[in-house]
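*Asks:* Generate the whole structure from the sequences, applying the supplied hints.
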Amino acid sequence: MSNLLVIDDNPAVATALEVLFSLHDISTVHASSPGEGLALLDSEPVDLVIQDMNFTADTTSGDEGRALFAAIRERHPDLPVVLLTAWTHLESAVELIKAGAADYVAKPWQDAKLLATVNNLLELAEARRELEQRRDGERRRRDDLARRYDLRGAVFADPASERVVALACQVARSDLPVLITGPNGSGKEKIAEIIQANSAVKSGPFVTVNCGALPAELIEAELFGAEAGAYTGANKAREGKFEAADGGTLFLDEIGNLPPAGQMKLLRVLETGRFARLGSNRERQVKVRVVSATNADLTAMIREGTFREDLYYRLNTIELAMPPLAERPGDILPLAEYFGDGGKPLSPAAATALQRHAWPGNVRELRNVIQRAQLLATGPRIEVADLGLPRATAARGPAREPEREQIEAALQRAGGVIAQAAAELGMSRQALYRRMERHGLKPA
239 MSNLLVIDDN PAVATALEVL FSLHDISTVH ASSPGEGLAL LDSEPVDLVI QDMNFTADTT
299 SGDEGRALFA AIRERHPDLP VVLLTAWTHL ESAVELIKAG AADYVAKPWQ DAKLLATVNN
359 LLELAEARRE LEQRRDGERR RRDDLARRYD LRGAVFADPA SERVVALACQ VARSDLPVLI
419 TGPNGSGKEK IAEIIQANSA VKSGPFVTVN CGALPAELIE AELFGAEAGA YTGANKAREG
479 KFEAADGGTL FLDEIGNLPP AGQMKLLRVL ETGRFARLGS NRERQVKVRV VSATNADLTA
539 MIREGTFRED LYYRLNTIEL AMPPLAERPG DILPLAEYFG DGGKPLSPAA ATALQRHAWP
599 GNVRELRNVI QRAQLLATGP RIEVADLGLP RATAARGPAR EPEREQIEAA LQRAGGVIAQ
659 AAAELGMSRQ ALYRRMERHG LKPA
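Using our numbering, the first residue of the sequence shown is number 239, and each one after it goes up by one.
Any given hint could be a false lead.
As the list claims (entries may be wrong) - In silico lysine-lysine, PhoX-like type, Cα no more than 25 Å apart, as pairs:
{"#": "1", "residue 1": "351", "residue 2": "680"}
{"#": "2", "residue 1": "440", "residue 2": "525"}
{"#": "3", "residue 1": "345", "residue 2": "582"}
{"#": "4", "residue 1": "503", "residue 2": "474"}
{"#": "5", "residue 1": "440", "residue 2": "474"}
{"#": "6", "residue 1": "345", "residue 2": "680"}
{"#": "7", "residue 1": "351", "residue 2": "336"}
What the hints contain is simulated information worked out from the structure, not anything from laboratory work.
*Replies:* The following block contains the structure:
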C-alpha cells in the first residue's frame, strides 16, 4: 500500500484527503506544520507528499510553501511533491513546478482529478524505484566482477555487455578455444584481452594477428613461420605467431579471412598442437590458447564452401557474441566520458544526440566522434554541433512544437491532469506548463 504525507495546517483538509485516499487503498499521514512534516519524512517511509503553500494564519504569500518544498527537495531529491494552492498562489506554484515539483492542485480540488494525478505520480515513482533497484544490482555485479577479475580497464554499464564480460571471465581459466563474434569496432579485442588476463597462461605472451590485414599468400607464413626460400622474398627463416605465442594466448582476429590451406593447417594445430613452418618438414610442438574473432557469418561461409565446418566447430567450443553498440545503449555515455579523458563535458543535448545515433561504426566510431569533438569544441562544453553527427540523427527527437489547439485537446482528454496531458504530448510537465503560459492557457 502506498503512503502519502499531507502537510497542511487545516485539519479538515487532512481529513478529507484521508477519507478520499483510503477508499482507493492509499494510506495517509498528516502533519500540520512544515517542521512536523519534515520530521515525519525522516521517520516514516513516504511515497508522495501533498503540501499546502501557507501555514501561518493570515499569510498568503506562499513563502512558507516555497521554503518547505526546498527543504523536502534537499533531503529527498526524487520524492514526488504535489502542491495544494489557491488561485492567488498559482504563479508561485508554477515557479515550483519549474523547480521540480511534480504537480499542483487548486483548492477546492476535484476528487477524480486529484486521484488521477496521485496515481500517475505513484506509478512513476514505483517505476523509478524499480529502475534504480535494477541499476543498483547491475552496479553491484560490475563491482563484483572488477574485484574478482582483471577487466583490463573495460568500460561498460549495459547489461548486454556485462553478460559477455562475465562469461569471458568465467571461461578464461579453461584452455578451450573461444570464438568472439560481433561487428567491427564493437570491442572484440578487449574481450580477448580479458580472457588472456584471467587465464591460466596470463603470464605468457598475448599475440595478435589480424587475418584480414594480410595478403592471403602471407597468412600461413605469419601464423606458422617460414624457412629461408620458402617463398619469394623469404631471405631468412622467420618465426611464426604460434611459436611466438607458445605458453600464452594467440588472438586471431577476422578469422573468416583465413584461406583454405591455412584453415586446414590451423585445424591440425588446434587438434594436435603440432605444425611445420612453410618450406620445412620438421614439426614443432606448441601449447597455445587460441582465441579467435570475426564479424563474418561463418555458418553462411560454410554453406558457400569458403570456411571449413570442422574448423568452425573446433573454434567455437565457446562462443561469445558481442552486440553492436546500438544494442547496448547503457555503454554509450560511460564510453563517451572515458574517451573524453577528463576534457570538456557533454551538454545535455549532446548526450541525448549520442544516445539517439545508430552507431554503425560501433565503439570505434564513438571514440573518433568524442576525440574530434574535444578538439573542435570552442565552448566550455561539447555541444551537438561539435559532434558532427548526421543532422537527421542529431535532430531526431520530440516532433514539432504543439499548437494551442493540440494542447487544449490533450488537456481536455486528460480531464485537466497535467501529467497525463504532458505524457500524451511527449513532453515533461514543466515543458507543458511553459507552453500553457505562452499560449495564455489556465489549468482546469
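*Asks:* Please go over all the hints and tell whether each is borne out by the structure.
*Replies:* Here is how each hint holds up against the structure:
Among the hinted pairs, residue 351 with residue 680 is consistent with the structure: their alpha-carbon atoms are about 15 Å apart, no more than 25 Å. A C-alpha spacing of about 13 Å is found between residue 440 and residue 525, which places the hinted pair at or below 25 Å, so the restraint holds. Proximity of residue 345 to residue 582 is assessed by CA-CA distance (about 47 Å); at most 25 Å being required, the pair is judged violated. Taken as a hint, the residue 503 and residue 474 pair is honoured in the structure, with Cα atoms around 22 Å apart against an allowance of 25 Å.
The suggested pairing of residue 440 with residue 474 is violated, with an alpha-carbon distance near 31 Å, which exceeds 25 Å. Our distance criterion of 25 Å between C-alpha atoms is met by residue 345 and residue 680, whose separation comes to about 14 Å. Note on residue 351 and residue 336: the hinted pairing holds, with a Cα-Cα distance of about 21 Å set against a maximum of 25 Å.
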